[in-house]
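2 protein chains.
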Amino acid sequence: MGKIMIVGIGPGNISDMTPKARLAIETADVIAGYNVYINLIAELIGDKKVIGTSMMQEVKRCQMAIDEAAAGKNVALISSGDAGIYGMAGLIIDMILNLPESERPQFEVIAGISAVNAAAAILGAPLMHDFAVISLSDLLTDWEVIKKRVECAATGDFVIALYNPKSKKRVQNILEVQEILLKYKDKNTPVGIVTNAGRLNEQKIISTLENFTSEEINMFSLVLIGNSQTYVKAGFMITPRGYDF
Amino acid sequence: MGKIMIVGIGPGNISDMTPKARLAIETADVIAGYNVYINLIAELIGDKKVIGTSMMQEVKRCQMAIDEAAAGKNVALISSGDAGIYGMAGLIIDMILNLPESERPQFEVIAGISAVNAAAAILGAPLMHDFAVISLSDLLTDWEVIKKRVECAATGDFVIALYNPKSKKRVQNILEVQEILLKYKDKNTPVGIVTNAGRLNEQKIISTLENFTSEEINMFSLVLIGNSQTYVKAGFMITPRGYDF
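As they're listed, the protein sequences go chains W and A.
Residue 76 in the working numbering is what sits at position 76 of the first sequence, and the numbering runs on without skipping anything.
Residue 219 in the working numbering is what sits at position 219 of the second sequence, and the numbering runs on without skipping anything.
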């Protein structure tokens, strides 16, 4: 039976991908993943077999990877960012462990630079203190649960990283989140928005809690909301850790 | 004036370090950092000038890096993990922006694989859902603030990642955290402990909220506490995202 490598490719450029991830892709027999992400690493794939599926076909993609492994192929199942953070690791491992023990392929997760890591580096140093990571996609999670988490993160004065802040169809959630946060946080709290981090057309915007929803935010954006100590200076967003100097 | 590259080297082995981080180290004139981390990348440093300082000397280390840049040298200031997550990025940028504008060296943060990314990959897929990252070091943060954050993260049913869970001198905090969490979470909630992730003597333990504090935890450990959906199977820790398959 083949092995499934669950590979976080990072933001999408080769210079942010770990050597371990690159090796897993280069040595695999089959590459599986969402077409958009496969295109980002086309230069590493050469003439390997590719199982590219479109968005929302996560289950199909994983099943095809499992079938290839059962047929003796080594598969690199790729995720953008970190496969372990809102990536493919959860579903594929869930599906593998659901098989009878004798039919389970071996697997390994290879960590990558996630959007929260990449966006923070671009903004300066917003994550120097405790932070909460929340996805605003309510496709698989009840919206009430997500709102409660936003409320808890605000109560705890966490820096807050929002994944999937907005898509073409999902434009209301970010406005509701803003409304909740304004109950707990100063309206001038710095907010950083990084879109296409580490990719072509990378964009960095620094705004405030009161105003950030009028900026361009899309499904390739990561939104970082400061805690009560976060400040902006010279175009950078910093959450001081509290050293004396 | 030289430039300061603030480099996250990842867990500590070359195969988890991004090419961008490696290039920054290889092309720098001077390498600055905590001695232990400098030793992890000794093979990349060759005969460059090294400013190694011992633990707790963060301010001194940053000042030396700034002085070198003022003298025209390009400096790689290294952090283990991600320089942007409890790493050196905050302090050095804080110090640079505090200088008169004409004396500020250019700088750039290079993201790396942080302990939370590395530990999650080793444990399986514990971070497939919203998570909170909290440091239990109360050196620079009031212990009451930290406890409140733990409480908020538990109320929101976040997966919780604990950095700096314990040191030789700080053994009580993790016990208090356990006590708080037991008020909100089931005592059988899975807890993963990864020590020396990606380094020699890497250790992975899977335990429960009720029992995990009796396991070996030290300053090189990352502790991951599941949410209400997290399960353990075949030695892996999974927080399902909620796909039907």
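If you're looking for bench data, these hints aren't it; they were derived computationally from the structure.
A hint or two may mislead.
A pair holds if it fits inside one copy or across any two, identical chains being indistinguishable in the list.
To be verified - Result set (DMTMM-like, lysine to aspartate or glutamate): computed pairs, CA atoms no more than 25 Å apart in a straight line:
#1 LYS187 <-> ASP67
#2 LYS183 <-> GLU151
#3 LYS183 <-> ASP142
#4 LYS73 <-> GLU202
#5 LYS204 <-> GLU43
#6 LYS147 <-> GLU43
#7 LYS204 <-> GLU108
Subject >> Hints violated by the structure (numbers, ascending) >> reply: 1, 4, 5 and 6
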